[in-house]
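Q: Sequence:
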Amino acid sequence: MDCVIEDDMQILYPKLREADAVVYASPIYWFTVSAQMKLFMDRCYGLGGDSDEIEYHALAGKRIGIVLTYGGDDPFDSGAVNAIRTFQDMFNYIPAEIAGIVYGYASDAGKIRQNQEVMKEAYELGRELGSGA
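In the working numbering, the protein residues as written are 19 to 151.
Simulated from the structure, these hints should not be mistaken for lab results. The beta carbon of each residue, even a glycine, is placed where N, CA and C say it ideally should be. The reader is advised that the hints may include incorrect statements.
Here are the simulated lysine-lysine pairs, DSBU-like style, with alpha carbons at most 35 Å apart [stated by the list, open to error]: (1) K138 <-> K80; (2) K138 <-> K33; (3) K56 <-> K33.
The following label-pair restraints were derived from C-beta to C-beta distances [claimed, not checked]: (4) S52 <-> E146: 32 to 38 Å; (5) V22 <-> N133: 39 to 45 Å; (6) L30 <-> N110: 19 to 25 Å; (7) G79 <-> F58: 30 to 36 Å; (8) Q134 <-> P45: 17 to 23 Å; (9) N133 <-> I23: 33 to 39 Å; (10) D91 <-> C21: 25 to 31 Å; (11) I23 <-> D91: 35 to 41 Å; (12) F94 <-> G144: 22 to 28 Å; (13) R61 <-> S125: 15 to 21 Å; (14) G144 <-> G79: 16 to 22 Å; (15) Q134 <-> V22: 42 to 48 Å.
Input sequences plus hints: build the corresponding full structure.
A: Okay, structure coming up:
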């Protein structure tokens with residue numbers, strides 16, 4: 019078992035272990051990732067197993083994609099940079115490779131699709147993660 023808490027994370031732990039790449043996606047709420055994403059990130063601590071050696075963490079060596087949306091038009095004022103730093107710290111510690119970070123402004127649901135630059139970046143990140151390059 020990966021964690022003493024018996025919940026649906028027990029379903030996700032084996033999938034995370036088997037994955038070659040993992041995408042973390044979150045809106046920015048109150049200057050960082052959503053509470054749900056932070057909880058998920060915290061629960062990934064359980065993937066470290068019984069070893070004190072962090073290189074044995076189940077996410078070590080995996081390729082990571084990060085996708086963020088925010089309501090302001092500035093990644094600094096919106097807190098997107100705080101979220102990015104949180105992910106950088108997490109995956110520097112584990113260690114896992116952040117293959118790419120895609121972030122952009124979206125004031126309403128689905129509005130991000132109108133930003134062709136962000137959509138292209140997301141597509142390219144998906145291709146890179148899928149290719150295993």
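Q: Now tell me, hint by hint, if it's right for this structure.
A: Hint check:
1. Between the alpha carbons of K138 and K80 the distance comes to roughly 23 Å, so the proposed pair stays at or under 35 Å and holds.
2. In summary, the hint linking K138 to K33 is supported, as the alpha carbons are separated by about 27 Å, within the 35 Å threshold.
3. Taking the CA atoms of K56 and K33, the gap is near 19 Å; set against the 35 Å cutoff, the hint holds.
4. At roughly 25 Å, the beta carbons of S52 and E146 sit outside the given window of 32 to 38 Å.
5. A C-beta distance of roughly 42 Å is found between V22 and N133, which places it inside the suggested range of 39 to 45 Å.
6. Under the hint 19 to 25 Å, the C-beta atoms of L30 and N110, about 23 Å apart, fit the expected range.
7. At roughly 20 Å, the beta-carbon separation of G79 and F58 lies outside the given 30 to 36 Å, and the hint is violated.
8. For the pair Q134 and P45, the beta carbons lie near 20 Å from each other, so the given range of 17 to 23 Å is met.
9. Checked against the given bound of 33 to 39 Å, the beta carbons of N133 and I23, roughly 38 Å apart, stay inside it.
10. At roughly 39 Å, the beta carbons of D91 and C21 sit outside the given window of 25 to 31 Å.
11. Remark: the range hint 35 to 41 Å for I23 to D91 is upheld by a beta-carbon distance near 39 Å.
12. At about 26 Å, the CB distance of F94 to G144 agrees with the hint of 22 to 28 Å.
13. At about 30 Å, the CB distance of R61 to S125 disagrees with the hint of 15 to 21 Å.
14. Checked against the hint of 16 to 22 Å, the pair G144 and G79 passes, with Cβ atoms roughly 20 Å apart.
15. Between Q134 and V22 the Cβ separation comes to about 46 Å, which falls inside the hinted range of 42 to 48 Å.
In terms of the numbered hints stated before, the structure departs from hints 4, 7, 10 and 13, listed from lowest to highest.
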